[in-house]
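Each chain, written out:
2 protein chains.
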Amino acid sequence: MNAEEYLKKSSEEIDPAIRSYIEDEEPMRLIDASRQYPYAGGKRMRPAMVMAACGAVGGNKKDAVPLAVAVEYIHNFTLIHDDVMDGDDRRRGMLTIHVAYDEPTAILAGDALFAKAFQIIAEMDVPDKTMRLALKYVTKAVWDLARGQEYDVTNEGKLITEAQYLETVRLKTSVLFAAAACGGAAVGGADDKQLKALEGYADALGMGFQMYDDYLGVAGDTAKTGKSVGNDIRKGKCTLMVTYTLENLEDKKVLEEFKGILGNPNASEEAVRRAEEIMESVGAVEYNRRRAVEEIAKAKSCITCFKNSDEKEFMIALADFAIDRDV
Amino acid sequence: MNAEEYLKKSSEEIDPAIRSYIEDEEPMRLIDASRQYPYAGGKRMRPAMVMAACGAVGGNKKDAVPLAVAVEYIHNFTLIHDDVMDGDDRRRGMLTIHVAYDEPTAILAGDALFAKAFQIIAEMDVPDKTMRLALKYVTKAVWDLARGQEYDVTNEGKLITEAQYLETVRLKTSVLFAAAACGGAAVGGADDKQLKALEGYADALGMGFQMYDDYLGVAGDTAKTGKSVGNDIRKGKCTLMVTYTLENLEDKKVLEEFKGILGNPNASEEAVRRAEEIMESVGAVEYNRRRAVEEIAKAKSCITCFKNSDEKEFMIALADFAIDRDV
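Going line by line, the protein sequences match chains H and Z. Numbers given in our numbering equal positions in the first sequence, counted from 1, plus 1. Numbers given in our numbering equal positions in the second sequence, counted from 1, plus 1.
The hints are simulated quantities; they were obtained by calculation from the structure and are not laboratory data. Note that the coordinates shown come from a computational prediction; the quantities given were computed from them, not determined experimentally. Possibly wrong hints are sitting among the right ones.
Same chains, same names: a pair is fine if it fits in one copy or spans any two.
Said to hold, decoys possible - When the alpha-carbon atoms are kept at most 27 Å apart in a straight line, the in silico BS3-like pairs for lysine-lysine are as follows:
hint, residue 1, residue 2
1, Lys130, Lys197
2, Lys141, Lys130
3, Lys63, Lys141
4, Lys63, Lys130
5, Lys194, Lys130
6, Lys173, Lys9
7, Lys63, Lys137
8, Lys260, Lys173
9, Lys63, Lys299
10, Lys197, Lys63
11, Lys44, Lys9
Whole structure, please, built from the sequences with the hints as guidance.
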């Protein structure tokens, strides 16, 4: 089974649960708002990771369903709040919550999903000790997610270093992947060595995924990615390609030219192509791709110790998928 | 010891802990923002309630310190988000977080405090089962707080019923008091009967406290309360006095006159006094005061079953204080 097939199958298992935890209750406006993102679907990568990690360590995947739902709610809570902060009007074609409802309701819908996630964890039908371990992973992740988003907000429009880029991606993407994997494995009865291995896997997978996403933003096919070419350039998004270019381009004149295009919302198509050409010429695009490939190799190497299973196969396939996709 | 003395003593115990859980970490801007409210002090009623409930059921109050901190962080997280939603510039003389920093940082500082509260609970040095019980109380309270704030936001400027008023106060005030009391008691090893009793106590105390606050807004001495007379009237705040007046005033003409003043930000001093006179004449001010007194009596009756202790004495004194203050 490839990663997409597995995700689809896993979604079918998890979607009814995702739609079952938020009961009708007053004020319904808040309940409706909090349901919008989680009920709308999506790749469901994080819940699939919870379930797969549970299965990979020999646990009963059914036990991990509540945690999978909780992790998805947390992911969605952060999306709702991020959309408020970024002032985005749409997500996956839907109106964002602060646009469809209002800003206070969006903030509260995020808070409510956050609270519900921890209510679900508190009620999990697993031993108290196991619940506590899963709780620790998830709480740490949410703390780190807030740190990562604060970096994103304060660094917007600024030129950052590669180290800052890596730390932001770790906080914004890897930590919740890791909480999903380790939390699911904890529910499955994992030992410390397995938890450590899964943390390494998920951390590297998150890094590789985001790096490849950035790469697709420049090297990808617009018709497939749906991202307009040069969108990241015009926004001044500091990807690994950009930080590499800033740190390795020796020709000061070309460097100034590059900085002049980066983050200019009105940059012409020609200027954007020129910026890409500069990144290409200094080897930044290839560097970005290679770093993504390296992270994925690292992710896979972390879980070689696991016994063969459908779940391990999925985790490897998911890693491969991260750098073998055009969307 | 009266309630204020007990609160002061309890603050001295709990304040160093409140200031110890948020370590220096990057990005410091977020850390700073998240520290502002909890570090600034305040009455610390909720943490005092956690500690007192733990002691009242025979527990070791030191065990309850982390939960007391967590509950205070949760209270502060809701204040930060409420201030964003209400667009308030100041709180207790300080600039609000979204003004002193920026709105995204305020949203994130709230989220971060929320996450930290649950991290602290996850790490509590109590049996897993006890931790889980405290966690359940707190998560339920946060869910309800979001519901209460959504009512507040959507009902702003609207005329609501007494039942709606009571439900909003329960959700916005009583549920966190109850989580503090029951969570603290759980840490102290309370049995089900004690938990039930404390839930009743805290619930009624929260109701009485808020009702008396509203009463002071009209009947209180402005010089002491710091609230300008008629502020609640001009804002159209639906207190128990207002809902009683709306539901019991038979003279339609006077009712229309009353509605015309309520929520009019430009109402003259004379008009505000007229609105108060109308509430007074229909018996609404006295009704509000009496309902507060009844809630406090109910609160105290809930804990008669507890053995005498300093903590029980404080809980009774706190209840008495709720309706015997001018601030």
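To see whether the hints hold, each was checked on the structure:
In this homomeric assembly, Lys130 and Lys197 come within 27 Å of each other (Cα to Cα) both inside a single copy, at 18 Å, and across copies, at 26 Å. In the homo-oligomer, the alpha carbons of Lys141 and Lys130 lie at most 27 Å apart both inside one protomer (17 Å) and across protomers (21 Å), since each shortest distance falls under that limit. Taking the shortest Cα distances, Lys63 and Lys141 sit within 27 Å of each other both inside one copy (24 Å) and across copies (24 Å). In this homomeric assembly, Lys63 and Lys130 come within 27 Å of each other (Cα to Cα) both inside a single copy, at 18 Å, and across copies, at 22 Å.
Proximity of Lys194 to Lys130 under the C-alpha cut-off of 27 Å is found in both arrangements, the shortest distances being 18 Å within a copy and 26 Å between copies. Taking identical chains as interchangeable, the C-alpha atoms of Lys173 and Lys9 lie at most 27 Å apart only when both belong to the same chain, with a minimum of 24 Å there against 41 Å between chains. For the homomeric pair Lys63 and Lys137, the shortest alpha-carbon distances inside one copy (21 Å) and between copies (22 Å) are both at most 27 Å. With identical chains, the CA atoms of Lys260 and Lys173 are at most 27 Å apart within one copy only, with a shortest distance of 25 Å there and 50 Å across copies.
In this homomeric assembly, Lys63 and Lys299 never come within 27 Å of each other (Cα to Cα): the closest approach is 29 Å inside a single copy and 45 Å across copies. Proximity of Lys197 and Lys63 under a CA criterion of 27 Å is satisfied intra-copy only: 23 Å inside one chain copy versus 33 Å between copies. In this assembly of identical chains, the alpha carbons of Lys44 and Lys9 lie at most 27 Å apart only when taken from the same copy (8 Å versus 52 Å across copies).
Checked against the numbered hints above, the structure violates only hint 9.
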